[in-house]
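J.: Line by line, the protein sequences are chains A and B.
For my numbering, count along the first sequence from 1 and bump the result up by 468.
For my numbering, count along the second sequence from 1 and bump the result up by 230.
Think of the hints as simulated: they come from the structure by calculation, not from any bench.
Backbone N, C-alpha and C define an ideal beta-carbon position, used for all residues, glycine too.
Don't take every hint at face value.
As the list claims (entries may be wrong) - Rough simulated footprint, nothing fancy, chain A against chain B, three-plus residues with beta-carbon under 8 Å:
no., segment
1, 367-379
2, 636-647
Unchecked claim - Below, a sample of chain A positions facing chain B; criterion: calculated Cβ distance under 10 Å:
no., residue
3, L606
4, V610
5, E714
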Amino acid sequence: MLKITNLHASVAGTPILKGISLTVKPGEVHAIMGPNGAGKSTLGHVLAGRDGYEVSEGSVTWDGQDLLALEPEARAAAGLFLAFQYPVEIPGVNNTYFLRTALNAQRRARGEQELDSMQFLKLVREKLSVLHISDELLHRAVNEGFSGGEKKRNEIFQMAVLEPRLAILDETDSGLDIDALKTVAEGVNALRSPQRAFVVITHYQRLLDHIVPDFVHVLADGRIVESGDKDLALRLEKEGYAWLAERRRESEALA
Amino acid sequence: MSEGFVHSLLDDFKRVEAGLPGAAHPWLQQARRENLEAFAQSGLPSSRHELWKYTVLHALDKRSFALPRAAAAPADLDLALAGVDGPRLVFVNGRFEASLSRLGDLPEGLSLRSLGVALQGEAEPLRFQLSRLFGEGDEGFARLNAACASDGVLLRVAAGTRVAPPVHLVFAGSAVEVDLAWHLRNLIEIEDGAELSLVEHWLDVATPAHLGNVIGHVNLGRDARLAWVRVQASGATSLSIARNEVALAEGATLVFTGLDLGAALARHDLLVKLNGQGARFEAAGAFLLGDRQHGDTRLEIRHEAPGAACDVRWRGVADDKARGVFNGTIHVAPGADGTAAQLSSRNLLLSSSAEIDTRPVLEIHADDVTAAHGATVGQLDEQALFYLRTRGIAQAEARAMLTLAFVREAVERVEPEPLREALAAMLAAKL
């Protein structure tokens with residue numbers, strides 16, 4: 469589904485990603501962990517198509533096509549979703565209207581029939597009940613005045629409605645108390661399916677107690693320096709990131 | 231016909247003068263001639279004048295216009311506006327259009343008719359307003375209007391009457407062989423304790439390049455209330471000039487909503503005097519400009535009495551090579567204690583070739599005053615744009631969505647709801 473090969477990216481001339489390779493197949497859950505400044509969020513932004521990142525080397529393909537050549541909206545229509553670390557507040561744009569516009573834009577791009585407002589509301593009600601989200605959220609402007617937990621839940625709700633094939637969760641756990649974290653994790657787990665993949669970017673292991681990954685990758689200084697199963701996350705939790713310095717030197721020597 | 235704006239109109243005035251409504255009243259003809267002479271002296275306002283600094287009229291100087299003569303053939307106008315189905319007064323190319331107006335079965339207490347028709351009868355009650363000589367250097371268009379106005383709105387709501395259906399005023403232009411300069415003079419009186427909703431709508435048929443020049447004199451009596459929606463959606467080649475002077479007595483309230491969407495060049499001066507204690511002025515508005523449009527909005531609010539309040543919130547958007555100007559001045563006279571004044575001007579530039587100049591001014595000569603003002607000029611939030619695009623919304627649609635969210639606030643308080651939605655749809659259609 470997604471194949472990242474030797475990806476190098478920089479911001480304003482400063483290299484951030486220095487040769488990432490990663491393959492994600494349908495149904496898989498990959499966790500990407502690493503210290504602050506390792507390039508975790510940059511990876512999410514480059515995949516979603518944010519301006520301001522220069523890809524100098526490597527490739528990213530989606531079903532064999534060049535993902536980086538697509539506009540952000542085309543990536544979304546192809547089934548890619550980024551849950552933001554800091555969801556953006558958009559005053560004056562109603563949450564429901566926004567989501568319906570987004571869903572129908574994607575459906576149009578895929579040559580599918582658009583949903584009318586009745587069909588859309590039915591879909592929304594279904595998703596709300598699965599995610600235990602109050603429908604009061606729907607009547608407000610997108611993320612405006614939302615608490616940290618509400619913003620993150622709104623991201624998961626959008627994901628549920630848009631039904632992407634691959635969802636990247638960028639530090640969705642940051643700033644959440646344990647109850648909110650559980651709600652978010654339940655929401656993600658409810659969406660797990662053999663057709664859908666997740667890339668869970670996180671600094672802490674605790675989210676992975678609730679969203680159990682198939683693969684864990686450690687990102688440090690712009691490279692994946694270690695990959696393993698969920699036990700790797702536990703080791704990081706216990707030993708911290710300090711031992712990675714050693715790994716980094718090894719991978720640099722290899723590069 | 232002589233060349234140039236001033237000469238073409240001076241020439242044509244001689245031709246139409248005797249046919250202007252009320253020509254039989256010597257005082258009126260004299261006022262017209264005096265104003266015309268003053269206009270001949272001053273010409274159009276110069277950009278050297280502070281109030282015309284950003285609106286340069288050189289291009290207009292060189293053009294010739296004719297004054298309207300015979301009534302225009304009834305134009306094929308779609309005047310329907312959701313939520314507005316009450317009495318209606320329609321002017322096309324500066325002439326009252328009876329066939330498009332709705333003046334039958336007026337609600338109790340409402341008097342609504344064409345000024346031109348009224349001037350054929352007893353005109354003495356109108357003398358005070360119509361004999362006025364405009365004198366200031368910025369008032370060239372007002373002088374021209376006072377000389378040439380061929381008609382206008384004459385509206386009165388009797389004391390204590392609440393008129394429920396909104397009154398619809400339409401100022402339309404339609405293409406004829408020559409470019410016209412049409413002038414209307416509106417006299418509106420909301421007597422003590424009376425209430426009215428007014429919807430003023432400018433539009434054109436078949437993109438004429440006329441100059442429409444309208445003056446409104448509006449009086450609100452004690453505790454009177456006027457909700458006034460003004461939509462200027464003239465054609466892309468029109469010139470729209472308007473000056474509205476409103477005076478509020480004790481306890482009166484004016485709730486004004488203004489949208490400037492059309493015209494190649496538009497200027498609206500809204501001059502509000504809060505003469506009575508506790509008078510209140512609330513204004514929300516927006517200009518939404520593209521191509522090479524030029525839109526200039528000027529609000530001047532004068533707090534003359536204690537305990538009055540004003541709250542002005544204006545939004546501006548300019549795209550392409552458009553230029554928007556907002557000038558908002560609040561003047562608090564000595565002794566107007568307890569004044570509460572607020573003015574905010576927020577603006578959005580959608581293109582690097584567009585320009586917006588905003589100038590909020592507070593002049594406070596009283597001691598006990600709560601006043602705040604602010605102005606911003608910014609661009610679309612790139613983060614919000616990216617966020618929308620990651621959800622699948624294409625760039626152009628995402629920009630339109632964010633821009634609409636920005637200007638929509640201007641109409642949020644408009645009643646009834648169908649009208650509010652119709653105005654929002656007009657904003658959306660322009661994006």
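J.: It remains to establish, for every hint, whether it holds in the given structure.
T.: Hints and how they fare:
no.	hint	verdict
1	367-379	violated (count 0)
2	636-647	holds (count 3)
3	L606	violated (15 Å)
4	V610	holds (8 Å)
5	E714	violated (37 Å)
Violation of the numbered hints given earlier is confined to hints 1, 3, 5; the remaining hints are satisfied by the structure.
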